[in-house]
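Here's the letter readout for the chains.
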Amino acid sequence: MRQDQPQPSVEDLKRIIDSHIHLEGPLLPILHAMQSAYGHVPQDAVPLLAEALNIGRAEVHGVMTFYHDFREVPAGRHVVKICRAEACQAVGGEALAEATLKKLGLEWHGTTANGAVTIEPVYCLGLCACGPAAMVDGRVVGRLDGARMDRILAEAGA
Amino acid sequence: MKIYVPRDAAARALGADDVARAIADEAARRGLTVEIVRNGSRGMIWLEPLVEIERDGRRLAYGPVDATDAAALLDGALPCHGTVEDIPFFARQTRLTFARVGLIDPLDLADYEAHGGLKGLRRALSMTPADVVAEVTASGLRGRGGAGFPTGIKWETVRKAAADRKYIVCNADEGDSGTFADRMLMEGDPFTLIEGMAIAGIGVSAAKGFVYIRSEYPDAIEVMEAAVRIARGAGVLGASVLGSGPAFDIEVRVGAGAYVCGEETSLLNSLEGKRGIVRAKPPLPALEGLFGKPTVVNNVLSLATVPVIFEKGAAHYAGFGLGRSKGTMPIQIAGNVKFGGLFETAFGMPLGDLVNDIAGGTASGRPVKAVQVGGPLGAYMAPAKFATPFGYEEFDGQGGLIGHAGIVVFDDSADMLKLARFAMEFCAVESCGKCTPCRIGSTRGVETIDRIARGDSSAIPILTDLCETMKDGSLCALGGFTPFPVMSALTQFPEDFACQKEAAE
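Protein chains in written order, with this note's numbering: chain A, 22 to 179; chain B, 165 to 669.
This list has only true hints and no planted wrong ones.
Below, in silico cross-link-like pairs of lysine to aspartate or glutamate (EDC-like), each with a Cα-Cα straight-line distance of 16 Å or less:
| id | chain 1 | residue 1 | chain 2 | residue 2 |
| --- | --- | --- | --- | --- |
| 1 | A | Lys123 | A | Glu141 |
| 2 | B | Lys372 | A | Glu45 |
| 3 | B | Lys457 | A | Glu45 |
Which chain B residues face chain A? A few, computed with CB under 8 Å, are given here:
| id | residue |
| --- | --- |
| 4 | Leu178 |
| 5 | Glu338 |
| 6 | Ser341 |
| 7 | Thr343 |
| 8 | Pro382 |
| 9 | Ala420 |
| 10 | Tyr423 |
| 11 | Phe455 |
| 12 | Gln496 |
| 13 | Ala498 |
| 14 | Gly499 |
| 15 | Pro540 |
| 16 | Gly570 |
| 17 | Val572 |
I should point out that these hints are in silico values taken from the structure, not numbers from a laboratory. None of the values given here were measured: they were computed from a predicted structure. Backbone N, C-alpha and C define an ideal beta-carbon position, used for all residues, glycine too.
Here chain B stands alone, though its shape is the one from the complex (with noise of 0.2 Å):
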C-alpha cells in the first residue's frame, strides 16, 4: 500500500512529519507493509496535512490529518474526500505549471518521467538556440516574478549577446508576503525548474546556471540540492545534457536574509558576494549580468512553466489565458480565508471569484475588507474593484499590479492605516540605502502616518507628496512600489485615515 505524507514546508509546519512517523508506526504494528511517499502539496492547504492513500489504482484523500488519527486512517474511518482531483478547489484549477506537483515523489527522476518530465528538454535539444527562444517568445510566457516582461524577448537579448561565458539564474527569493508558489514549486516537483534551466541554457548558450533561494525556505534548499545532485548523476546536468547536449549544470546558493535581493541586480550583487545593492540599469543584466556576462534572470515560476511549453507546445500554452497575459497563473491565495492555498487557471478570472468563490470569503467569517495582491509592494483593493480580472494589464488599469500572485486577504478588522504605516516600516528596514527616497523616505513616511494617526489631517498631503517622489525617484520597485500600498490605503479607506480618530480617543 503506497501512502502519501506530503513534505511541502506548510505540510510539515502542521503536524506532517508527526503523521508520517505515527503512519509508519501504526502500519509495523499492524505487520502491514506501506511504502510512504513524501510528495509535494496538492496545494489545498486548510487540508494539510493531507494525506492520500492508494487503493485499486485511486488515491483516497484524508485530511487534515492528526498523528493521533494513524489508527483511523489505516481502519478507513476517517472521513474521506475522494480523490483530490474530486475536491472542487482543485478540479476548478488547469495545472500547466504545477501539474506534477503533489502528484510524484518529488525527488525520484524516474516517476518524473513517467509524469512527462524531460519530454520538453529532449525536444528542446533538437531544436536549434535560435528555434528554442523563438518557441518560449510563441508562448507568450512573461515574467512570473512581478515584471511580467517577454520571457522570450530577455532570452533573444542574451541568444544574442557574444561572451565567452554566459549564465542562467534563476531567482528563487520569494520574499513576497502571500507568496509561496516558488516554494511549493521547488519542495514539490524540482526536476521541472532544473530541466526549465537546462532548456535556458540551451537556448541562450550558458553553461551555469545558479538557482538563488532565501534562507527563510530550508525545506526548499534541501529538495534543490538534492534535486540538482540526483540530475546530475543521471545525466540530466553535466558536461552534456541528457548525453547528447552541450554542458550545463546547476548550483544553489543561499541568501542572507535580504529582501531587495529579490530585485534582479542586487540579486546578482548578492551572488557575486557583495552588498545586494541595486544597480543601474542600463547596462541590462541581459548584457552585463553576473559577473559582467549576459544573464538570463528569471523566477522560478517563469523557468518552470518553460518545460510545459516544450512538451505540450507553444501554441497549447498561448491558448490559455486573457488579452497579453498567456497561459495560466498558480495563484496563492492567502491571509484570512477559508480555502487558503495553490490555484492555478488560466489568466482572466475575476478577483472578486478568486476571494469570495474560490478562497470562500474569510476565514473569520467577516465580510472582507482589502486584498492585497502582488506582495508587499502591491496595492489594496477594496471589494469595489473585485469585477477585475486577473491579468497584468487589468490591475495596472486599477492602479494594482499581480507581481507574483500572492492574494492576501483581510476582514473588516484591519486597519489600513497600520497596514500603510508597515508597507513604510518595512520600506525602511529592507532599503538597500542606494537611493535617497527610499531610505530616508520610508523613514519619513513611517513619521508621518504616525502624525495621520495622531490627527494632524495637514500630514496627508505630505504623505502623498513623499510616495510621489519614491515613485519617482527610486531605482528598483522597494522604493518605487512601496507607495502602491500606501496610497491604496489612504485613498480607498479614508475613514481609517481620518481626524475622527483622534476625537475617538
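Bound conformation, chain A alone (with noise of 0.2 Å):
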C-alpha cells in the first residue's frame, strides 16, 4: 500500500478475518492476507484478531513481532530482496549487496527517500545454482552483477 492510501476501516479488516476464521490455525493465514490487501499489517488488526481467536493482544503481537514477513508500516512502492546466504556469497552476493546499499545509502530494511524501493535481507531464495539471487516484488532474478541490478533500480524508479 502507498504511504498515501487510506487506512483500511474497521469493517474491512473484520472481513478479512472472517473469511478466514474457519481454516485451523488461521493466525497466519489472516496475516498473510492482511499484508497482501495493505502491504503491512494494521495496527487496529491487532484487538481485532486477539478478539476474534479469544487470545491476548500480547500474543498477537508476539506472532506478528516474530516472523520476519509481517510489516507494521508499509515498505516502499518496490521491495528488492538480496540473498545473503552462503551459496549467493560465493559467487559475489555480498560484494553486489553492499554496493547497492552503499549506493542508495541505505542500511538492510531502509527505504529510499522517495519512498521507491526499500531493501530487505533474505536468506536463500532456491537459486543457488544461479546466483547472485534476488527477488523484486515477487518475482525472482538470478545471475546478478551491478548492471543488471543497477537496472532494477532504476525500473523501480530508487
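Grab the two chains, each in its own frame, and use the hints to assemble them into the complex.
Here you go:
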C-alpha cells in the first residue's frame, strides 16, 4: 500500500478475519491476507484478532513480530530482497549487496527517501546454482551483477 | 510442434518467461502452430533457460536460450545439446524421486499418469495400513530433510497411536542455502508430493495433510495450490481417495520468513498460528504433534519418494545406495561451480567426484577451497576430506552432515573467518529465542570472532568453548549445529583465523 493511501476500516479488517476464521490455525493466513491487501498489517487489527481468536493482544503482537515477513508499516513501493546466504556469497553476493546499499545510502531494511524502494535481506531463494539472486516484488532474478541491479533499481525508480 | 520452456523459478529468474513469450510471438509471425509446455527444470541450471523442441518423437535441447534467440531457435540455427538424456550431467544420474521433473507438464494429471503417476497410490489402496508402513520401512527410506530418521519407523509410531484425528505435515520450509530440490520438485512434479502424502494418509489413517511452504518460494506455492485443486477436482483427493479409498485432503500453508520454522516442532507451532518457537521433545510429534494430535512430519523429498517405492517396490528402491543410506539422493550442487544443478544419484559417490567431476570445479576457474555440505548448519569440508562417500554415517564420521544434500562450493578467495562469523550472525538473526545458548551465544559468537579477527588469539578457546555450550545446550539444530560450520572453518583453516591478519594490516 502506498503511504498516502487511506487506512483500512475496521469493517475491512473484520471481513478478512471472517473469511479465514474457519481454517485450522487461521492466524498466519489472516496476517498474510492483510499484508497482501495493505502492504502491512495495520495495528488496528491486533485487538480484532485477539478478540476473534480468543487470545491476548500480546500473543497476536508476539506472533506478528516473530516472523520477518510481517510489517507494521508499509514498505517502499517496491521491495528488493537480496540473498545474503552462503551459495550467493560464493559467487560475489556480498559485494553486490554492499555496493547496492552504498549506492542507495541505505542500511538493510531501509527505504529510499522518495519511497520507491526498500532493500531487505533474504536468506536463500532456492536459486543457489544461479546466484547472486534477488527477489523484486515477488519476481525472482538470478545471475545478478552490478549492471543488472542498476537496471532493476532504475526501473523501480530508486 | 511441442516446445518445452521451464517454468521453474531458476529458469524464470534467468528469463524463461521472456523466452516463452518471444517463441510464441516468433511462431505466430511465421504462422506456425506451436504448443508451449511450461515444464519443470531438468536440473542443469547452467543451461537455463533450457528449451526443448520435440521433433520426430525426440526432445532436442538448447540452452541457455535468450529471448533474442527465438528466431534462430525456430530456424534450428542454435547449437543443440542433443536430447537431455545425452548430456553427461544428466546421463550419469539415477532419477527415482525426480524421474518426472522436467519431463512432464507439472499440472497435467493425465501426463502424470502416463509417466507412472498414481500407480503407487493405487497399489497402496489395495494394502492394509500396516503393510503400507511396512513397505516404507523395507525401502530403508530415511528423512530427507536432514535428520535421516527412518521414515517407516516414524509412520509406524503414528499408525499405532490412537486418536480421533491425525495429520500428515509436509515440511516444505526449505531454508538451507545451497538447497533447492524441494522447490524444484514442487514446481516440476507437484502430483508426486500429493500422491506421497495420500499414501502416508492411508498408512497412518490420517485424513488431512498440510504443505508448509516458505514464503520465499512464490512459484512453488502457486504450482502446489493449483495441483491440489486439480487433484481434488479429479478425485485423487477428497472424501474418498481415487473413489475407493479413505478420505484425504491437503491444504497449502505459507510460512512467513522464519528459518527456524524448518525445524519440525517450530513448524507445527507456526501452523497452529503461534510463534515458531521450538518445542521440547518428548512428546514426539508422532504422538503429540499438530494441535496435539499424532502427526507425521516429513520433508518434501521423503514424501515425494514414497510413490516410486510403491510403484517399483521397496526392494527396488533399497537396491540402490550404500550401507544404511539406501536409495538415491537428489544432490544440489551450488555456489561457485561450473555445472550447478540437481544431480540425483545413489548414495555413495565420493564428495570429490561430485565437486571436481560432476560440478566441473569452480566457475571462477580458481582452486576449490572449501565445500559446505548440508546448508548453513553443515560443516565446511576441505579438499582433504573429498574421499568421503556421500552417506549419512560417512559424513557423520568426518564431523559433518549431509543434511538436505546441498553442496556449496567456494574457491580460494573465500575467507573462512568471515563465513564462520556469518554462521553465528545468521543464528542470531534466526534464533527463535527459546534456548539461551542459541539466543545469546550466537551474538557472543559474532563478537568473539570479531575479537579473533582483530588479532586476539586468546578468543579462540572462548569460541571453542562457546560452540561446545551451544551444541550441548540447544534444543534444536539451529543452535546445536551452528558450531559445525564455525568449528570446521576454525579447525581446517586456522590460517584464516591467525593473528598474522593483524600483522598484515
